[in-house]
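Taken in order, these protein sequences are the chains called A and B. Heads up, the first sequence is in the working numbering, so the first residue is 14 and it goes up one at a time. Heads up, the second sequence is in the working numbering, so the first residue is 14 and it goes up one at a time.
These are calculated hints, taken from the structure and not from any lab test. Heads up, a few of these hints could be off.
All copies of an identical chain are treated as equivalent in the list; a pair is satisfied when it fits inside any one copy or across any two copies.
[To be verified] Simulated pairs of lysine-lysine, BS3-like, Cα-Cα distance not exceeding 25 Å:
no., residue 1, residue 2
1, Lys18, Lys39
2, Lys16, Lys30
3, Lys91, Lys39
4, Lys30, Lys146
5, Lys146, Lys16
6, Lys68, Lys33
7, Lys68, Lys30
8, Lys146, Lys91
9, Lys98, Lys146
10, Lys91, Lys141
11, Lys131, Lys91
12, Lys72, Lys100
13, Lys16, Lys131
14, Lys131, Lys141
15, Lys18, Lys141
16, Lys33, Lys141
17, Lys30, Lys100
Protein chains: 2
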Amino acid sequence: MSKIKDGTVIDHIPSGKAVKVLNILKISENTSVSIGIRVPSNMMGFKDVIKIENKFLEKIELDKISLIAPSATISIIKDYDITEKFKVDLPESVIGIVRCTNQNCITNAGEPVSPEFKVISANPLALKCIYCKREMSESDVINSL
Amino acid sequence: MSKIKDGTVIDHIPSGKAVKVLNILKISENTSVSIGIRVPSNMMGFKDVIKIENKFLEKIELDKISLIAPSATISIIKDYDITEKFKVDLPESVIGIVRCTNQNCITNAGEPVSPEFKVISANPLALKCIYCKREMSESDVINSL
């Protein structure tokens, strides 16, 4: 994969998850992206990598990535140099990002109540709604992002 | 994007269509893929490119690509050399690949009748069912592949 001048590299994505990560990012039509799927990795065996030119991720995008790819590392690139590098952070509580799959949950009733989940497992991902106690699997979460 | 030793390069994909093309291909979990989105191109301004290691496309995959990306060129790579290069070929009739969106069409009635469409426009793509005359837009086609 070629270097980028300015933008963001999302590295150490679990192999096979790159397209899922790409789908939850807000990427304009004018953005150049390169994606490596099943790239050999010393640490992970195989990994996926996404390089996005001239884009810097918002907090909500980082939070969404942490749900799908908790191992992901983010590098901020400016003028070909890495100016910042950090791991995404899977929080203990997920607030306002994921919709509850239970249609009868108070968070789906048009009330001013933000959906909120406890992370009960990171790998495989499992969340539990603090209101209706519905448990959500990784695929439920991906469909609700 | 790096070179591949053996496999297939799908080049000159209209910019923004790479993920759609990827989704209609049968790619096993063990396959390495690299994708360039919005790569500068002399011919097209910008284009998408997909490189798939150790995979050679079946006829039905080429036919599906021709519907989404009629400008695409296919290169077969063996031991780092291009051994074959050709454009995909949007046929006049599309037989057995796309399902008709009309639920009352004879091709959706469990009868031994293959769906068949005439290509009435290539860009934007439009197909017409030869049985029920339903016209299908590009997004109808992508959802029915």
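These are the hints, each one checked on the structure:
Taking CA atoms no more than 25 Å apart as the test, Lys18 paired with Lys39 passes inside one copy only; the shortest distance there is 20 Å, against 33 Å between copies. For the homomeric pair Lys16 and Lys30, the shortest alpha-carbon distances inside one copy (21 Å) and between copies (22 Å) are both at most 25 Å. Taking CA atoms no more than 25 Å apart as the test, Lys91 paired with Lys39 passes inside one copy only; the shortest distance there is 20 Å, against 37 Å between copies. For a Cα distance limit of 25 Å, the shortest separation of Lys30 from Lys146 qualifies neither inside one copy, at 27 Å, nor across copies, at 40 Å.
For the identical chains of this complex, Lys146 and Lys16 are neighbours neither inside a copy (45 Å) nor across copies (50 Å), given an alpha-carbon limit of 25 Å. In this assembly of identical chains, the alpha carbons of Lys68 and Lys33 lie at most 25 Å apart whether taken from the same copy (18 Å) or from different copies (22 Å). For the homomeric pair Lys68 and Lys30, the shortest alpha-carbon distances inside one copy (20 Å) and between copies (20 Å) are both at most 25 Å. Proximity of Lys146 and Lys91 under a CA criterion of 25 Å is satisfied in neither setting, with 44 Å inside one chain copy and 54 Å between copies.
Proximity of Lys98 and Lys146 under a CA criterion of 25 Å is satisfied in neither setting, with 36 Å inside one chain copy and 56 Å between copies. For a Cα distance limit of 25 Å, the shortest separation of Lys91 from Lys141 qualifies neither inside one copy, at 39 Å, nor across copies, at 50 Å. In this assembly of identical chains, the alpha carbons of Lys131 and Lys91 never lie at most 25 Å apart, being 36 Å within a copy and 50 Å across copies at closest. Taking identical chains as interchangeable, the C-alpha atoms of Lys72 and Lys100 lie at most 25 Å apart only when both belong to the same chain, with a minimum of 13 Å there against 43 Å between chains.
In this homomeric assembly, Lys16 and Lys131 never come within 25 Å of each other (Cα to Cα): the closest approach is 38 Å inside a single copy and 44 Å across copies. When the C-alpha separation of Lys131 and Lys141 is checked against a cutoff of 25 Å, the pair qualifies only within one copy, where the shortest distance is 5 Å, while the shortest distance between copies is 50 Å. Proximity of Lys18 and Lys141 under a CA criterion of 25 Å is satisfied in neither setting, with 41 Å inside one chain copy and 46 Å between copies. For the homomeric pair Lys33 and Lys141, the shortest alpha-carbon distance inside one copy (21 Å) is at most 25 Å, but the shortest distance between copies (33 Å) is not.
Only within a single protomer do Lys30 and Lys100 lie at most 25 Å apart by alpha-carbon distance; the minimum there is 16 Å, versus 30 Å between protomers.
Of the numbered hints given earlier, the model fails hints 4, 5, 8, 9, 10, 11, 13 and 15; all others are met.
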